[in-house]
Amino acid sequence: MAVNDGDGTRRTPGDDLLDLATAQLRTHTDDGWVSVAPRVLASALRAVRPSQPVRGRHAEGEYVVAADVLRTSVRALLDPDPRVRLRRLALRTGPDDVLEEAVVEVSAAYLQPLEPLADDVRRTVAAHLRDVLGDADLPDEVVRVDLLVTDVHRT
Amino acid sequence: MTPAVPAPPDAPVPDDELVARAGLGDHAAFAELVARHGAALYRYARRMLGSAPDAEDAVQDALTAAWLGAEGFRGASSVRTWLFGIQANCVRRAARTRTRTPVPVTTDPDDERTDPAPAGDDPVEHLLATDLRAALDLALADLPGPQRAAWLLVEVEGMPYADAAQVLGTTHAAVRGLLERARRTLGRRFETWR
Numbered sequence: 020m021a022v023n024d025g026d027g028t029r030r031t032p033g034d035d036l037l038d039l040a041t042a043q044l045r046t047h048t049d050d051g052w053v054s055v056a057p058r059v060l061a062s063a064l065r066a067v068r069p070s071q072p073v074r075g076r077h078a079e080g081e082y083v084v085a086a087d088v089l090r091t092s093v094r095a096l097l098d099p100d101p102r103v104r105l106r107r108l109a110l111r112t113g114p115d116d117v118l119e120e121a122v123v124e125v126s127a128a129y130l131q132p133l134e135p136l137a138d139d140v141r142r143t144v145a146a147h148l149r150d151v152l153g154d155a156d157l158p159d160e161v162v163r164v165d166l167l168v169t170d171v172h173r174t
Numbered sequence: 429m430t431p432a433v434p435a436p437p438d439a440p441v442p443d444d445e446l447v448a449r450a451g452l453g454d455h456a457a458f459a460e461l462v463a464r465h466g467a468a469l470y471r472y473a474r475r476m477l478g479s480a481p482d483a484e485d486a487v488q489d490a491l492t493a494a495w496l497g498a499e500g501f502r503g504a505s506s507v508r509t510w511l512f513g514i515q516a517n518c519v520r521r522a523a524r525t526r527t528r529t530p531v532p533v534t535t536d537p538d539d540e541r542t543d544p545a546p547a548g549d550d551p552v553e554h555l556l557a558t559d560l561r562a563a564l565d566l567a568l569a570d571l572p573g574p575q576r577a578a579w580l581l582v583e584v585e586g587m588p589y590a591d592a593a594q595v596l597g598t599t600h601a602a603v604r605g606l607l608e609r610a611r612r613t614l615g616r617r618f619e620t621w622r
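Same order as they appear, the protein sequences are chains H and W. Following this note's numbering, the numbering of the first sequence begins with 20 at its first residue and continues without gaps. Following this note's numbering, the numbering of the second sequence begins with 429 at its first residue and continues without gaps.
Isolated chain H, as found in the complex (with noise of 0.2 Å):
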């Protein structure tokens, strides 16, 4: 026997049964996955990204760091400070490859002080690029950084 649901569709007991198999399943997590899922994410975590070249140089020549490098090194400078979480850095280079911007997006932590914060963070990431990128001399107005506070975190 069919009755009219809320919205006038007709509903059978077939429905009720349905609904409470749909339920069941909606919570289930299959056995299949609890097994491989180590193996999945493994594999998934050794893909490598592919990377724009920056131009770094040292006292025999030049060389070459990959931006993804580059963005895990910023992300374990700044993981340590409480104040800041990076988000995101986008790297661009001119040509040959050399460094022309970083842009850093941090959120920052609830009540901080954002001008000193966001100086802070610039200076701290273009000195690490500097030593990164082996040039001691490369002025900040090369290696510019800009920061954007996007968003607020509580520590």
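In case anyone wonders, no lab produced these hints; they're calculated from the structure. Positions of the beta carbon are idealized from the N, C-alpha and C atoms, including for glycine. Misleading hints may appear alongside valid ones.
Just so you have them, the derived chain W footprint on chain H, three or more residues with Cβ under 8 Å [unchecked claim]:
(1) 32–45
(2) 79–92
(3) 101–109
For chain H, the structure is supplied; the task is to place chain W on it using the hints.
Using the frame of chain H, we list chain W on its own:
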């Protein structure tokens, strides 16, 4: 600059922040994303492809694509919709090239059901729930692919019609139509279920 008020200290890290962190090479952030969404992605792939090894391959392809593409995620959709969009593409690609014979979830040894009854749960109710789910898996396996996909995304994964349409590359109205046909067919199957 948004928002003005911070999240509570014990609030979980939002999905979009995990993706941003994964884009910076943070393995732990990506592992947390997989812990949150991996089971659902597998649930979808397993029922769309009909084979546990194919589902594993499709989820692996999707998660690899998500890891590689995390840096480019800009939040145009929710992270869940983004992940399911990638997964649906991988499922479509796998369905075109698969060589394995589909095996319903309920009879596949790779999906052996070992769910223990929760403590305090009525064993009869637990058995009923398990049987109902098995019946649904069998019924879903007989649905045409697009209807099955729409049902899984909306009814099982709780996705709004618009998001399901985005994942499936179709329209809101098409998703509604697919769901109505799926519900009629599945409802009839359950009328005779004992």
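Hint check results:
1. Coverage of the stretch 32–45 of chain H by chain W holds [criterion: at least 3 residues with CB-CB distance below 8 Å; count 11].
2. Against chain W, the stretch 79–92 of chain H contributes 3 residues with a C-beta closer than 8 Å to a partner C-beta. That satisfies the three-residue criterion, and the hint holds.
3. Check result for the stretch 101–109 of chain H against chain W: holds, 5 residues qualifying (beta carbon to beta carbon below 8 Å, three or more required).
Hint check: no violations occur; every hint is consistent with the structure.
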